[in-house]
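Protein sequence lines correspond, in order, to chains A and B. For the record, in the first sequence the residue sitting at position 324 is 323 according to numbering that gives the first Met the number 0, with numbers rising by one throughout. For the record, in the second sequence the residue sitting at position 75 is 74 according to numbering that gives the first Met the number 0, with numbers rising by one throughout.
Warning: the hint list may mix true and false statements.
Computed list of lysine-lysine pairs in DSSO-like fashion (alpha-carbon distance at most 27 Å, straight line) [claimed, not checked]:
(1) Lys131(B) <-> Lys112(A)
(2) Lys253(A) <-> Lys319(B)
(3) Lys86(B) <-> Lys225(A)
(4) Lys106(B) <-> Lys410(A)
(5) Lys168(B) <-> Lys259(A)
(6) Lys259(A) <-> Lys86(B)
(7) Lys168(B) <-> Lys261(A)
(8) Lys168(B) <-> Lys287(A)
Rather than coming from a laboratory, the hints here were simulated on the basis of the structure. Being a predicted model, the structure only gives us computed values, none of them experimental.
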Amino acid sequence: MGARRGTTRARGVRAAAAALAALGLLATGCGGGSGSGDGKVTIRYSWWGAKDRAELIQKTVEMFEKEHPNIKVKTDFSEYTDFWSKFNTQAAGGNAPDVFQNSYAFLRKYGDKNLLLDLNGQAKAGNLSLKGFRDGLEKAGDIDGKLLGVPVGANTFALFYNPDAYRKAGVTVEAGWTWDDFFAAAEKVRKSDDTLYGASDNANVMYLYDLYLRQNGKAFFTKDGKLGFTEDDLTKWWGRWQQHAKADELVPGKKSEQAKPKASISADLSASEFTWDNFLVRFAAETKTSLDLGPIPTTDGKRTGQYLSSLMLSGSARTQHPKEVAQFIDFMTHDPEVGKVMGYNRGIPATTSQYDAYEPQGVDAKIAAYEKSVSAQLEPITPHPAGADVAEAAFLRIYTQVALGQTSMGKAVDQFFNEADSALGS
Amino acid sequence: MTPTTTRATHGTRPPTGKSRATAAPGTRPAPAAGRRQGRRENLAGYLFLTPWCIGILLLTLGPMLVSLYLAFTDYNLFDSPRWIGFKNFQDLFQDDRWWTSVQVTLKYVLIGTPLKLAAALAVALLLVKPRKGQGFYRSAFYAPSLIGASVSVGIVWRAIFNDDAVVDKSMSLFGWDVGGWIGDPDWALPTLITLTVWQFGAPMVIFLAGLKQVPGELYEAAEMDGAGRWRRFRSITLPMISPVLFFNLLLELIHSFQVFTSAVVIAGSGTNTGGPGDSLLVYGWYLYEQGFRNLRMGYAAAMAWMLMLGIGLVTAVLFKTQRGWVHYEEDAR
Numbered sequence: 000m001g002a003r004r005g006t007t008r009a010r011g012v013r014a015a016a017a018a019l020a021a022l023g024l025l026a027t028g029c030g031g032g033s034g035s036g037d038g039k040v041t042i043r044y045s046w047w048g049a050k051d052r053a054e055l056i057q058k059t060v061e062m063f064e065k066e067h068p069n070i071k072v073k074t075d076f077s078e079y080t081d082f083w084s085k086f087n088t089q090a091a092g093g094n095a096p097d098v099f100q101n102s103y104a105f106l107r108k109y110g111d112k113n114l115l116l117d118l119n120g121q122a123k124a125g126n127l128s129l130k131g132f133r134d135g136l137e138k139a140g141d142i143d144g145k146l147l148g149v150p151v152g153a154n155t156f157a158l159f160y161n162p163d164a165y166r167k168a169g170v171t172v173e174a175g176w177t178w179d180d181f182f183a184a185a186e187k188v189r190k191s192d193d194t195l196y197g198a199s200d201n202a203n204v205m206y207l208y209d210l211y212l213r214q215n216g217k218a219f220f221t222k223d224g225k226l227g228f229t230e231d232d233l234t235k236w237w238g239r240w241q242q243h244a245k246a247d248e249l250v251p252g253k254k255s256e257q258a259k260p261k262a263s264i265s266a267d268l269s270a271s272e273f274t275w276d277n278f279l280v281r282f283a284a285e286t287k288t289s290l291d292l293g294p295i296p297t298t299d300g301k302r303t304g305q306y307l308s309s310l311m312l313s314g315s316a317r318t319q320h321p322k323e324v325a326q327f328i329d330f331m332t333h334d335p336e337v338g339k340v341m342g343y344n345r346g347i348p349a350t351t352s353q354y355d356a357y358e359p360q361g362v363d364a365k366i367a368a369y370e371k372s373v374s375a376q377l378e379p380i381t382p383h384p385a386g387a388d389v390a391e392a393a394f395l396r397i398y399t400q401v402a403l404g405q406t407s408m409g410k411a412v413d414q415f416f417n418e419a420d421s422a423l424g425s
Numbered sequence: 000m001t002p003t004t005t006r007a008t009h010g011t012r013p014p015t016g017k018s019r020a021t022a023a024p025g026t027r028p029a030p031a032a033g034r035r036q037g038r039r040e041n042l043a044g045y046l047f048l049t050p051w052c053i054g055i056l057l058l059t060l061g062p063m064l065v066s067l068y069l070a071f072t073d074y075n076l077f078d079s080p081r082w083i084g085f086k087n088f089q090d091l092f093q094d095d096r097w098w099t100s101v102q103v104t105l106k107y108v109l110i111g112t113p114l115k116l117a118a119a120l121a122v123a124l125l126l127v128k129p130r131k132g133q134g135f136y137r138s139a140f141y142a143p144s145l146i147g148a149s150v151s152v153g154i155v156w157r158a159i160f161n162d163d164a165v166v167d168k169s170m171s172l173f174g175w176d177v178g179g180w181i182g183d184p185d186w187a188l189p190t191l192i193t194l195t196v197w198q199f200g201a202p203m204v205i206f207l208a209g210l211k212q213v214p215g216e217l218y219e220a221a222e223m224d225g226a227g228r229w230r231r232f233r234s235i236t237l238p239m240i241s242p243v244l245f246f247n248l249l250l251e252l253i254h255s256f257q258v259f260t261s262a263v264v265i266a267g268s269g270t271n272t273g274g275p276g277d278s279l280l281v282y283g284w285y286l287y288e289q290g291f292r293n294l295r296m297g298y299a300a301a302m303a304w305m306l307m308l309g310i311g312l313v314t315a316v317l318f319k320t321q322r323g324w325v326h327y328e329e330d331a332r
């Protein structure tokens with residue numbers, strides 16, 4: 000009995016030591032870097048979007064790997080908001096993806112924190128071409144002289160409308176129409192068809208309000224990163240939409256919440272809605288109603304305040320492989336075959352080589368025609384400060400509460416200014 | 000650990016103080032050899048404990064201390080934390096959305112937990128007597144809590160309660176036209192509460208075990224005295240299972256305070272956070288949003304510690320009231 004106990008004990012000690020050793024092994028195993036022995040470099044590429052985009056991107060990544068056999072690309076995607084939460088966590092741990100999809104609204108937020116690779120150096124070294132971008136887009140990612148992102152596609156704001164409903168109501172949309180015309184049209188549509196509201200209540204869309212402000216010589220954000228409008232301005236803007244909502248011309252707040260994740264217009268609740276023009280691709284999949292793109296209403300009959308915004312690719316400042324990242328971005332933005340595969344999924348291709356390679360069909364052709372029609376209107380974009388995304392989310396949420404009847408206008412405006420000011424750090 | 004053993008351990012609990020077993024029980028070797036052997040045995044013990052010790056230091060205690068420190072700083076995940084004292088806590092009390100999240104969470108906890116426990120106990124009472132297909136029913140009722148915290152159930156729930164989905168359509172047949180339940184600020188939270196009530200399997204299993212421990216003689220005696228069903232339930236079952244009830248209540252309360260996944264999945268992500276009009280903005284979600292989306296990690300840490308204080312307070316109150324309604328067998332002695 001005693002002898003047996005002795006051996007078990009010895010075995011126990013050995014087992015414990017083995018367990019410790021295993022732990023140690025595990026720890027060293029985790030420490031291994033991404034550089035593998037055979038001269039092959041692996042870069043991580045993450046982006047936001049859904050399944051349809053995933054399939055296209057996978058194709059383009061395979062094309063890139065074929066062209067650059069020494070580079071392997073690991074992809075990773077999630078939905079828009081989940082993407083940023085994940086990105087924040089990874090970046091805070093010093094483990095941001097080497098290259099990732101970005102958009103204009105985030106350049107300053109992450110640029111200020113030195114998380115983004117300045118691609119100017121790589122462009123000078125010849126790893127990334129900045130030639131052949133449409134409409135001066137090569138400057139789109141330029142923040143205070145640093146090139147923090149390169150656009151892959153660009154889009155602009157548009158009015159989506161149901162042409163049948165408009166025809167039935169006897170309204171025509173024409174360039175240079177005013178906000179009064181727009182709201183009058185909404186009223187007419189509502190009167191002519193009791194199954195449809197005249198328009199979706201878009202008072203909470205930051206980008207639309209930005210256009211309206213730009214028409215009036217202001218903008219949502221000032222150059223020094225503050226809010227570019229007063230509480231009075233906002234009360235007027237939200238108040239005007241509320242007035243038409245109360246007249247039962249716009250989709251009620253509750254109904255549009257219930258229709259989610261569909262947009263009100265693709266849920267066939269309303270006859271018009273404002274959003275980015277490349278959303279036509281998504282709406283076409285969600286509804287059988289054929290939708291058209293129309294001009295943004297104006298204040299003075301001329302200026303729409305429109306600009307091009309773009310989806311970009313950015314590199315991580317901490318990447319071990321800046322050269323390969325630049326080569327990847329170069330391929331993704333310039334290669335004509337990539338343009339053919341991606342189509343208008345991320346907006347209209349940013350380079351002429353990709354733009355010319357792709358022959359738009361169906362809804363894509365509509366988007367192309369729309370962008371051509373507004374190209375003379377386009378103005379430069381106003382910079383988005385760090386915290387712009389938080390302000391946008393607050394804008395959306397707080398007006399929704401007004402539309403749901405949960406809060407008064409005065410309280411809502413106050414609350415928005417509080418939240419935006421603290422997000423913008425003033 | 001499980002409450003079912005409470006009764007059993009009362010009998011075998013070692014007498015406190017006196018004859019503490021020093022070395023390995025059973026054998027009694029010579030003093031010197033024994034000490035050495037004991038030391039070696041201890042060494043092995045500590046070695047085996049090391050992974051656990053490292054774990055608790057690195058994964059529990061360390062992060063907790065860091066989070067406590069962060070609660071007093073302004074920290075955006077990227078720049079180094081800046082000490083600001085109690086400012087985060089002061090800001091909390093002036094933050095409307097924080098109060099909203101507290102309210103939503105309290106509603107969820109105070110309505111959801113009793114309903115869930117009632118459902119668990121009711122079904123446990125039905126399933127405690129042996130009958131045909133008992134095994135099947137027990138597993139069937141338990142299954143939802145197995146997949147409890149998973150995203151898939153949230154997605155299913157979303158699909159069921161969405162606009163034009165099963166619930167909406169069948170309710171409309173009876174003239175009750177809500178539309179999408181999840182998009183309606185008045186119905187979103189009840190939908191979430193239904194989900195937690197539906198997942199009553201875990202407390203049910205514990206209730207089942209507790210019910211089995213109630214001695215049958217008590218019921219026989221009571222029946223002889225002419226006690227009806229309800230009377231027997233109130234005077235025998237409830238007091239006898241009160242320790243189990245207490246355990247379940249405590250566990251479910253703590254668990255509900257931390258609700259996160261189901262709310263997020265049901266309300267859907269995208270730009271829409273907090274559900275329609277913030278009606279689903281549970282505490283955990285707001286904390287997550289502040290920490291990982293708005294990059295206010297210090298604020299989020301302060302929120303986490305307030306939550307811990309809250310849960311601690313509720314637990315303490317429960318333990319205090321325990322004397323009044325929880326009956327352990329030793330009290331009867």
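**Prompt:** What hints, given by number in increasing order, does this structure fail?
**Reply:** 1, 2, 6
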